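First to last, the sequence lines map onto chains F, C, E and L.
Residue 1 is where the first sequence starts when you use the working numbering, and the numbers rise one by one after that.
Residue 1001 is where the second sequence starts when you use the working numbering, and the numbers rise one by one after that.
Residue 2001 is where the third sequence starts when you use the working numbering, and the numbers rise one by one after that.
Residue 3001 is where the fourth sequence starts when you use the working numbering, and the numbers rise one by one after that.
To be clear, the hints were calculated from the coordinates, so they are not data collected in a lab.
Please note that the accuracy of each hint is not assured.
[To be verified] Facing chain L, from chain F, some residues (calculated, C-beta under 8 Å): (1) Pro246; (2) Tyr458; (3) Ala623.
In this text, all values refer to a predicted model and were calculated from it rather than measured experimentally.
Glycine included, every Cβ here is placed at the ideal spot set by N, Cα and C.
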Amino acid sequence: MASIAHPTTAAHASAENENTGIWSWITTVDHKRIGTLYLWTALFFFLVGGFEATLIRTQLMKPNMGFVSAETYNQLFTMHGTTMVFLAVMPLSAAFFNYLIPLQIGARDVAFPRLNAFSYWVYLLGGIFITLPILFQVAPDGGWFGYAPLTTPRFSTGPNIDFWVLGLQILGISSLAAAFNFITTIVNLRAPGMSLMRMPMFTWMSFVVQFLIILAFPPITVALFFLLMDRFFGTNFYAIAAGADPLLWQHLFWVFGHPEVYILILPAFGLVSEVLPTFSKKPLFGYNVMVYSGIMIGFLGFGVWAHHMFAVGMGAVADSIFSLMTMLIAIPTGVKIFNWIATMWSGEVRFTVPMKFAIALIAMFTIGGISGVMHSSPPADLQQTDTYFVVAHFHYVLFGGSIMGIFAGIYFYYPKMTGRHLNETQGNWHFWLNFIGMNLTFFPMHFSGLMGMSRRIYTYDAGQGFDLFNMMATYGTYLLVVATAIFVWNFVRSHKHGEIAGNDPWGGATLEWSIPSPPPEYNFAQIPEVTSRYPLWDLKDPKMTAGIDHSHADAKVITDTHAVPVHEETQRHTAKELGIPMPLPTAKPLFVAFSMVVMFCGLLFLRIDMFAVALTVMLGGAAAMIAGLYLWLTSPLE
Amino acid sequence: MAHESAHVDKHAAHAHPNGATYLKIFVILTLITVVEVWAYYIPALVASPLFNPSLIIMSAVKFAIVVMFYMHLKYDHKIFKMLFSGPLVIAMATIVALLFLFRQLSF
Amino acid sequence: MSAHADGAAHAEHHTHYTTTGLDNRKIAIWAFIGSECMLFASLIATYLIYKGKSLVGPYPHTEYIDAAGKVFKPILDIPVTSASTFVLLASSFAMVLALQAVQLKGVPLPSGAGWWTRAQRSSQLWLAVTAALGTTFLGFQAYEFTAFVNEGLTIKTNLFGSTFFTLTGFHGAHVTVGVLWLMSLLWVDRTRGLAGPGDELLVDITALYWHFVDVVWIAIFTLVYLIQ
Amino acid sequence: MSMLRLRKAAPALLAAVALLTLNACSGMESAPNSTFNHTTDLNTSIDGLWDLLLLWGTIVFVVVEVALIFTIYRFRKRPGGAPAKQIHGNVALEITWTVIPAVILVLIAVPTVKTIFQTQAPAPAGALTIEVTGHQWWWEFHYPEYGVTTANEVYIPVGRTANFVLRTKDVLHSFWVPQMGGKRDLITNRTNTLWFTPRVDLGTNAWNGFCTEYCGSSHANMKFRLFTVQPDEFASWAAHQARPALPHDTATSTAAPAVPPVTVASASATMPVPAMQAPEASAAGYVFPAANLPEHVIPQTPIPASLKFDDALLAQGDAKRGETSFMMGGCIGCHAISGNPMAMSNVGPNLTHFASRHTLGGGLFRNDDTTLARWIKNARAMKPGALMLVVGIGEYSPDLKGPVTAGLTDAQIADVVAYLRSLK
Ligand code: HEA
Ligand code: HEA
Ligand code: CUA
Ligand SMILES: [Cu+2]
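Let the hints inform the model, and build the full structure from the sequences given.
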């Protein structure tokens, strides 16, 4: 909660500027550096997940292929889904939460900087924990939603599922800790004048997402805990011999699972809602409605989960209710789509790379959304569910939606994060190959699905009418590999060689563009007092924001908070020079995270009947964790 | 700022019921609990279709009292009311929906 | 809990500007409690979903005779649980008094205040009582669990066993954390004395957590033990 | 210049779409498992719904994409272009694009709910009940009405409602015949039903069935065939299947190929797949004629080249000896053959009229001697995770973690093949 303090407070120097070595990264509590760590780690996992996808597609290129074994294939698609959802897209969003939220609301850091570092380290260690097994052919193989009873010890004797259960449990802790942190940050650390209805749309969508996280993760935590108990302690939650009902898992999982998909898309929606106005030189069309529709989507998202279960025989009444609830969601989402288009209408649309990705999101997500509505009609879904038509649907929303939006965000904010632009030409190549590649990959899947190809099959027989579509999808994937490789190259190289970007390379409207790029450790030397939704346009081009209501700077607030009217900050100092107290770097969060993961690892030994070892490791981990926590709690933040 | 937040606290402290009220509340909670347990031992009541509903209502009342007074949500900032009631509603709805889905409740 | 972490180190910095004028830790704890609602909702729902679905006994409210003709009587022990429920309610009462005591620190005692008024002023007393009652509750639970195991109901026996022990166990774990939390507060109170807005807040969020654990039990007591 | 790119890309994309649509709609040939048929009451009503969804989906798609492309083209920044108009919103418009989708959704929702209740109503009286039991990774079909139990191949008469009662012995599976209608999951400890009525004029035909709920290693290999036949053909088939296995002293069968050999389309090391063999319909009972099997229901799964068997031995196979080996070799531990009092177990597929089936191994392979011999010798090598024990002497057995010592020689396997062939 290193927010605004009196410049008079005794200044603690933060090690940042003097020290940029590895240790400074390990001990950092700076939301910007943590955001950067998230970004790099998540991009790495995206490559891992994509690589798995590439293997999947290669195996499916032709009928009766023997490129990988059935067992390997099952591990590949399970880990592909798990990696992309939990290790790539969610953390990519988290990277932006970390980096942007404080900057957009005019704060100096998140509410709990050390908890923030903790979240990252738990994510990293959890990601490694769940990913390593694939190198030894013992990766999880139950599918990304791990339906019982296939995951119960009776049908899965190996350690595969153990890694999945514990891994997801660990990752859940990371997401939850982060969510509490961001909720507090957004509620409490907004700069003077930054009322809720003045928050940038990205912050708004992130705000909604944090609530989805704190409400959606507990159910899966419980479901996983049951499975954990079943696997390690012989309980009966999913034990069919004891009369367990497999639908229990399915319901608990999807109560989490559906809100999860909106957790994956809303941050992307937020990002394009920043990009589109900037490059249309127009404010977002219907700001309030955009906010309400976001909230609506999040809220409705808790009432539709059973649309993933239309084939399990819930009965006509339940099917009907969940079908209608599901269709409802199309309405607020549609509003977003149309408002985005209206945002560009009668604007000056500049086709920069981020803008291209943002426009592509509108175009591609709509396709995925429409196939979603096709799923939402249960009788029709009985022909579609568990076929490639579903695979097509969710890749259009996930790749065409989340990934497109996130790429838009990366190209848009890279200059802010690094002070340098990504290369435009390479960016265009990346975009077009990506755009064509994804359609070539996923569009044919609609057909293979409707032509009778079930999903999660490691092979298919010849002459079934699947061949052409799979061939196309595979070549499309190879295009995506090339596209991604170009992006990776551009991303790495531009760090040193990209052209220099100033404070505000794109003509943005929000606070993050009023400070140097990359921002100094303290973000804002003086906290600005916000008087409208588009503070920077107020400053640079007042006629643009003439149409919206402003509040004039309030003298009392200013004296109370030492805020100053919105202004551009050009020169950078260290926090020490400005006497701004910064949180002290510390490795305690890492230590606590590490010992917690060790504690979880202990369980693994139970399955191989090494009770002594299991107990020592678990108790050791727990003891270390508590000790670390104690030190953490008792050491001052600043 | 310090004085202000301090002021907020003090203000809250005064708005709060004092020890006596807390005691009253405690007595009420105890009484309701006694009634609940007593009902449990009257077969006639247990048999009646109103047994479960009335028990659930009683516990709901206890729940509400503790939250409003002991957790002083009644007197606290509205942001806290939202942070609690929102999730609570979704949680309740989810339980009920699940019970219908598993035929443990039915129309 | 870690949420309370960064804050704790913060007690001294009370000069921080916040948008709402509220303390970060209190917002975080309420968000946490909101999340906990969903956690216990899932646990309770599971218990109710599996209610009456066990293939073999012992059962909570009804008798069970196994193949060998062995008789298992209804396993729930309402009198004992009623007692432990009362204990937990009482602990909540003690908790509010503890908070009040901290808040009234420095406010002079009215002349001729009775023992009750004076007693109300001792934060250490009420923190201790709360922790003690919490521990008593855990004692009851330990007794209950061992009794059940002796009567032939383990977490492995049937669906009822698995769901019952997990649900109440989860709650017990929460109580345990609460007790430890209270004890560390008591320790702070003894060493440097809890006083001032910063500490009031510390006690306040502890109380919020503690009361929440209590209301969860109110629900569990009715839904698991009483209704049939 | 980027606009140029967009203009270039758009047609390319459309072309791709058109091509795909063409391919998709060009009838049975290229889409033998299409979900767009009207072969039953079920898929007829589903397809009606689908057409509605497709119609509105397409309309929404076109509206959105056209509006989008027009907007970015018309309002692209260009020298001398109009400056951006600072519009912040427009309530009327926003209400419009809230209401219109709502209306569309109502138009979709009403028939949806109708269809839900119609298709999930209890099966009409006089329906033919077929109890389906899912196993990792094969299908068991039981006809209570006829006392018939068979595996991986299910016969239903046209014109009569078939009511499938779905259960599973182990994990979740899902029962799906794309060309007959929607799927239903098989849920442990639960019973689901799915019914449909094949159109009378459907004629005698064969269809592919799949398992569509991920169920472990060989989920992809859990297939079955559905045969829609004429009522009299069905009666004959059922009557025969209900009978115990025929005495096996009839000569072992090595019938001539009924359909031309199919060359394997595969990159993996495999031996060419031999021709389909006609199960000899014994005088008594009807069996779907192999000659009439459409290409796409004939498995082309390659057999691993590493799995060696001396096919010459097959000629000398003797059914009587085979029966003994069948019992000695431990086959009876899993398989039932009514008429053979020793073979009672129902762990594996019931083999009573094995010879009358076109496929084996969960619909994965053709039921011919060369394949059968290899299957018996080492099923695990042919089907990932298969639970059938490895019985060929010298073959590696995952259970023993070593080569099989007490098993069957190639010669004995040839005998067993002969024995099974005699089970018409
Ligand atoms: C980013 C993630 C994301 C998003 C945003 C969505 C959005 C939607 N999803 Fe999707 N979904 C997934 C990710 C996502 N989904 C995943 C991962 C799965 C598979 C899980 C698995 O099985 O592995 C899945 C599966 C899935 C199913 C289950 C399919 C099955 O297994 O049988 C269903 C069923 O109803 C469904 C429906 C919807 C609907 C109605 C929406 C709606 O929110 C879409 C709304 C948007 C639009 C409709 C387009 C814009 C609107 C307009 C232009 C207005 C006008 C439109 C109309 C009037 C139609 N989804
Ligand atoms: C956000 C989520 C997300 C994303 C982005 C993707 C991206 C991709 N997915 Fe998938 N996918 C899922 C989420 C996602 N997926 C989920 C949830 C499932 C369900 C799993 C289950 O059933 O349990 C699934 C399942 C799934 C299947 C079905 C498997 C089956 O049912 O049998 C397929 C098949 O083609 C597939 C393909 C792809 C492809 C080709 C991509 C491509 O877009 C990938 C693009 C990225 C790359 C191509 C990376 C390229 C980089 C490299 C290869 C490294 C090169 C090295 C350097 C440059 C250093 N995915
Ligand atoms: Cu059985 Cu998939
Ligand atoms: Cu969903």
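Hints versus structure:
no.	hint	verdict
1	Pro246	holds (5 Å)
2	Tyr458	holds (5 Å)
3	Ala623	violated (40 Å)
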